[in-house]
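Visitor: If you're matching them up, the sequences are chains E and V in order. Heads up, the numbering used here is the position in the first sequence plus 1, with the first residue counted as 1. Heads up, the numbering used here is the position in the second sequence plus 15, with the first residue counted as 1.
I should point out that these hints are in silico values taken from the structure, not numbers from a laboratory. No false leads were mixed into what you were given.
Straight line, CA to CA, 30 Å or less: simulated BS3-like cross-link-like pairs of lysine-lysine: (1) V/Lys-300 / E/Lys-162; (2) V/Lys-26 / E/Lys-97; (3) E/Lys-100 / V/Lys-301; (4) E/Lys-283 / E/Lys-162; (5) V/Lys-118 / E/Lys-162; (6) V/Lys-26 / E/Lys-162; (7) E/Lys-100 / V/Lys-300; (8) V/Lys-20 / E/Lys-179; (9) E/Lys-179 / V/Lys-26.
Here are the in silico distance ranges between beta carbons for each label pair: (10) E/Arg-56 / V/Lys-20: 57 to 67 Å; (11) V/Ile-294 / E/Ala-177: 38 to 48 Å; (12) V/Asp-247 / E/Val-28: 24 to 34 Å; (13) E/Glu-159 / V/Pro-152: 49 to 59 Å; (14) V/Asn-187 / E/Gln-181: 39 to 49 Å; (15) E/Phe-267 / V/Met-16: 45 to 55 Å; (16) V/Pro-99 / E/Ser-245: 31 to 41 Å; (17) E/Gly-35 / V/Gly-156: 15 to 25 Å; (18) V/Ile-294 / E/Ile-131: 28 to 38 Å; (19) V/Ser-55 / E/Arg-56: 39 to 49 Å; (20) E/Leu-11 / V/Ala-30: 50 to 60 Å; (21) V/Ser-188 / E/Glu-159: 23 to 33 Å.
The beta-carbon is built from N, C-alpha and C at its ideal position, and this holds for glycine as well.
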Amino acid sequence: MNNIKKNRLLDQVFKYWGIACTFLGLVLLAIFIGSILVDGIQRIDWDFITSLPSRKAERAGIYTALMGSVWILFFTTIIALPLGIAAAIYLEEYAKESKMASLLEVNISNLAGVPSIIYGLLGLEVFVRIMEMGASVLAGSFTLALLILPIVIVSTREALKAVPKSVRDASFALGASKWQTVSRQLLPASFGGILTGIILALSRAVGETAPLIVIGALAYVPFAPESPMDEFSVLPIQIFNWISRPQHGFEVNAAAAIIILLLITFILNGIAVYFRNRWQSKLK
Amino acid sequence: MRKIKERVIEKGLQASALVTIAVTVGIILVLSIEAIRFFSEVSIIDFLTDTQWTPLYTDKHFGILPLLSGTLLTSFIAIIFAVPVGLSISIYISEYAPRSFRKTIKPALELLAAVPTVVYGFFALTVVTPFLQSFIPGLSGFNSLSAGLVMGIMIIPFISSLSEDALHAVPNSLREAAYGMGSTKLQNSFRVLVPAASSGIIVSIILAISRAIGETMIVAIAAGQQPRLTFDPTVPVETITAYIVQVSLGDVQHGSLEYRTIFAAGITLFIFTFLLNTISYRIRKKFREKYE
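This is chain E alone, in the form it adopts within the complex:
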């Protein structure tokens, strides 16, 4: 076999190797989801979603954890959203190229790489202890809001960047001030992109477990939260708790709760992709 033939053969081999690698992760994920469906799907019914936690696996439900997740998501959004969008507008439209902007940029890129459990330690000292919120919904929401802040800022900046410069020039030429340009032209034009980033950030927040365990969120909470100062559990912590128990019944519960959590995550991701595609085709 001469050199050319050998090289062509290697080329073909690598092509199939590449295809195999590309699908390896997805196939493993599919196997896993399949096995979880087999384990957990028959456990899911209305009772499972509306029952309180219990020591008996077959009577336990996810109601308090699910409601905890909803509360946490709601407050995380209203804290992180205005902060993140405002910070991104400042960086992209006001402070461009300044010394402060480059410092902020390094800082945000670093924050995005800080492990989530470290945010838990921050939340434990600052929100739970110093600000005396206790292990409440509010303390958990502040912690997660800081965690997703870099994601919201980065995606909002990308969305603002995608708005053509001609829009800004046209607005200024008509005598609009900076803020008028931002609020009436740039924000509406980048709305789709900002929304995509926020939904992706929320899908990250809904699956976060470690920082909430660190601030002291409980696995067993007898009632759903009724105010932001109440104790709470969330779906991933409930799953973690059930995984740690030896009885088989709880493993089935964990599988069933995972189906619900994955459903929420995938729906959020699906919505984000949908908005991104729609927005991108609109920009063009």
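With chain E held as given, fit chain V onto it using these hints.
Guide: Same frame as chain E, but now just chain V:
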């Protein structure tokens, strides 16, 4: 009037941006203050050289090495698995696959990173470990091999996506020159494009390492809670992150020495990831200049 309003708005936006600085300062302050209190009771030499970590027992030892070895071992397994796979994916998508395939497969791969980590932990414990036990006799129910492999699956998209962007950004003239010399796609990929995109690829790998070191739930569920200084992938270990979770789940008094151990462990973790992130940021800055 309008000018004042504009100034107020700008200051408000600036304040929001400065919150991110406050977060960084807050993290560093919180970790250092508690860690300094910890090191006033435990000598830093013991912390760095003792080979046992038993703060929750009566015979207390505070050597970080066992937690560090657990963290490095699980991360190493994840990286060894994810780098070849992720890099192959990026080359395949960038150089071999049709353009339309790229658009559908990238979001699909990113789904791997979107799955909550507690779910991956369950996968490692209930599917991967029993599967590995079927042909690795003596594999413990909790082990770093299974946790590391599953973590590897999770970080594949970090490597494949960023590396693919880097390969994609290599100017077409380089490709055309290599093809003009009669090279195959494979030769072109490994001898021209990968070296040309090397800084971007290195950044993706560093970020993946940083992600693996800070990962918590997979290792807390599947790798065990037994700190030990070993590089044997078949036995239970404990990572820094898993230890913090273990203490947080128990009843540890605020202000006690046990409570402070999680901050001492936390600052160790923070220093590692901070260094990795800073290196990757530096490389990325340089890389951007190269092509623009």
